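Colleague: Listed below, chain by chain, are the residues.
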Amino acid sequence: GQQVMQIPQYQHVQEGEDFTTYCNSSTTLSNIQWYKQRPGGHPVFLIQLVKSGEVKKQKRLTFQFGEAKKNSSLHITATQTTDVGTYFCAGPKAAGNKLTFGGGTRVLVKP
Amino acid sequence: DAGITQSPRYKITETGRQVTLMCHQTWSHSYMFWYRQDLGHGLRLIYYSAAADITDKGEVPDGYVVSRSKTENFPLTLESATRSQTSVYFCASSDRVGDQPQHFGDGTRLSIL
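These protein sequence lines are chains P and L, in that order.
Every letter in the first sequence is one number past the one before it in our numbering, and letter 84, counting from 1, is 84.
Every letter in the second sequence is one number past the one before it in our numbering, and letter 101, counting from 1, is 1101.
FYI, nobody ran anything at the bench for these hints, they're computed from the structure.
Computed from a predicted structure; not experimentally measured.
Cut-off 20 Å, straight-line C-alpha distance, at most; resulting in silico cross-link-like pairs (DMTMM-like, lysine to aspartate or glutamate):
1) P:Lys36 with L:Asp1099
2) P:Lys36 with L:Asp1038
3) P:Lys93 with L:Asp1095
4) P:Lys93 with L:Glu1059
5) P:Lys98 with L:Asp1099
6) P:Lys98 with L:Asp1095
7) P:Lys51 with L:Asp1099
8) P:Lys57 with P:Glu67
9) P:Lys93 with L:Asp1099
10) P:Lys98 with L:Glu1059
11) P:Lys70 with L:Asp1099
12) P:Lys51 with P:Glu67
A few chain P positions that, by computed beta-carbon distances, are all more than 12 Å from chain L:
13) Gln11
14) Asp18
15) Val55
16) Glu67
17) Lys70
18) Asp83
19) Leu108
20) Lys110
Don't be surprised by glycine CBs; every beta carbon is placed ideally from N, CA and C.
Kindly produce the complete structure, drawing on both the sequences and the hints.
Modeller: Given below as C-alpha cells:
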C-alpha cells in the first residue's frame, strides 16, 4: 500500500535558525497537504499543494511539491518558539482517495 | 475548530468493557474520519464515512465499530476494549475526500487498564 515517510522524526532547532523537514511518498500524489499539531492539540491544516514543482509561502514557512509529485518539503526560516509542534504531511494516491499521513516531524525549539 | 466536537475528552476504562466515542460536526461535511494517534505511528485511519449509512474500513479497523445514521454524527465503538487500544482518538471531517482539508476535533484521550 501507499506509504508516506517524513524525515527527520525529531528536529531540535536553536531559536532563530532555519530548518527543513521532508516528506516522501512511495506513490505519486494528486496533492500534498501539511498540518501542524501543537503539543496537546489537534492537527490543523496549513496548506495544500497541487501542481508539480509548486512552491507556496506562509510568512516564514515555505512549502514545496516535488516535480515528480512524490515528495515535498517544509522550510522554516528564523525559527520561533511558536513553531514548536509536530508537522504532518498527507496526500492521496489519486483524487477521491483517502489521505495517507506521514509519521510527522516533531519540532523542538531551544530558546 | 468549533464545528467539530468530540466527547468525552478523557476516558479511563477497563479491558473487556464497551466504550463509545462521540463525534459531532456542524458543517454538513459529507466525509467523516476516525484516526488513532500513537507515539511513533503518526495518524492511522480506523474508519471513514462518505455519507449517512456509508462506512468503510481504514488502515486499522479491527476491534472497532462505527455507524452513521445522521450526517452530523459519527460514533466510534470499541466493543471489548483491549490495552492495545489505549490511544488518542481524533475525529475529522471534510467536504470531499483527498483534495479538501480535513478539520479535526480536539481528540479523546482513552486509557484502558
